[in-house]
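Since the structure of chain A is already known, use the hints to place chain B on it.
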Amino acid sequence: MSTFTNDPRLVRISTTIYSTILVGYPRLFRQEYGPHMRQVFRDACLNAYIRSGFPGLLSFWALTLFDWFKTVIEEQLNRATYMTRAKWVRLSGWSMMGGAVVMQLSFLIDANWIRARIYRVMGAPVSQAEYDLYGSIAERLETFPATAGILLIVLGISGLRQHYGKQLTGMWQGGFTVCVGGGLLTAAGALSLQFSDAAWDVLSIGLFLMFGTLAIFGVAAVRAGLLPGWSGIPLLACFWFPLFITLNQVNRWATGELWLELPHVFDWVFTLSFVSLFLLGYELQRGSEVRSSPTIGIGPVEDRHHRTGDHP
Amino acid sequence: MPTTTQNPDEFLPLTPAVFHILLALADGEKHGYAIMQEVETITNSSIKMGPGTLYGSIKRMLAAGLIQEADERPDPSLDDQRRRYYRLTGLGGRVLEAEARRLASLVALAQAKEISTFGTG
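Chain order of the listed sequences is A and B.
So the number in my numbering is just where the residue sits in the first sequence, counting from 1, plus 405.
So the number in my numbering is just where the residue sits in the second sequence, counting from 1, plus 1.
Derived from the structure by calculation, the hints contain no laboratory data.
Just so you know, even glycine gets a beta-carbon here, dropped at the ideal spot from N, CA and C.
One or more hints might be untrue.
Covered stretches of chain B, going by a simulated chain A footprint (3 or more residues, C-beta under 8 Å) [to be verified]:
{"id": "1", "segment": "30-37"}
{"id": "2", "segment": "43-55"}
{"id": "3", "segment": "75-88"}
For reference, chain A alone in the conformation it holds in the complex (with noise of 0.2 Å):
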């Protein structure tokens, strides 16, 4: 694809000068496309030179130059607006590890955790009123570390629908939505805890719609393989709370009990999901890197797919 020793000497410069404007081309997609597009190059060039001579090269000039131009302004943008997707997918995916520690580290610290740490920095309350002040921030405060795991792995699921939104169907991109839309309820719910019962309920919706409508997705991950390592994790992290919920509302109702009463089932629906949800939060900012591999190419998952034929 090299060499063109036949051919006429202003052909064979103008490839030689085509091949280095190439560079103005992002270099990945110069790796993949620049030999072809030098011989298709060539090809047309000669082609041109043949049937009319210098002023054919010269219109043939023109017409490269003006598609070089545009073109090259089209790949640097595109390249430039796939750099940015492939940074918020990867940085959405250590949101979610963030989120999954943070989100088992809050259940740690409780109120009297709180109150302990203000006691050492205040000094211990000298009088009940005091007391019953550094009480109230203490509780007000144990929501917090929860409220800020659940916004992280919001930040998370939406960088899941960056990532894997185009490969779904109208209607499972729309379950992205509404996991979202559920992880915003279940961090309004936790906030709101010291302050309304309802809040439990609230909380449980969101936690229902949010884990549930991932769990769909963790469904449609396993059935296509989405995911760069095992595909399972999705549903792993998110089959626990909605059959809890569930199992729980249904006692609710039988009952009366507020709460199911099985011992550190809670404990370990929590541990579970959340060592999970850090997995799928690796996985996803590992994908990025995968997507964006020089040695898969230009258009990463998507040309993988295509290239080995494994699509429509």
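Then chain B, alone, in the frame of chain A:
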């Protein structure tokens, strides 16, 4: 779930470059220069595609699953240089069909409104 159920209408309207590349590949696989020549022939030279437009479109069409790479081999009608061939996918064929239908209905609409009489006063 994912692209397997992709609706061809989601891709419409196509850009002229994409439509002509799909049309050029409709009767069999071709390499880049053959696509370029075919486009020039079927449009009576009214569309001349440069290498940047051709391969920029090919890149996006590969990513969207409209075409796929076949193999690399020389074209006996040219020289002994190896060239990468492309062919339509099932989705690409359906998208081409849908776009042709869309354009045909537009032409029918224009004819129904007797657009051609405007120029003649």
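Structure-based check of all given hints:
no. : hint  : verdict
1   : 30-37 : holds (count 3)
2   : 43-55 : holds (count 7)
3   : 75-88 : holds (count 5)
Checked against the numbered hints listed earlier, the structure breaks none of them; every hint is satisfied.
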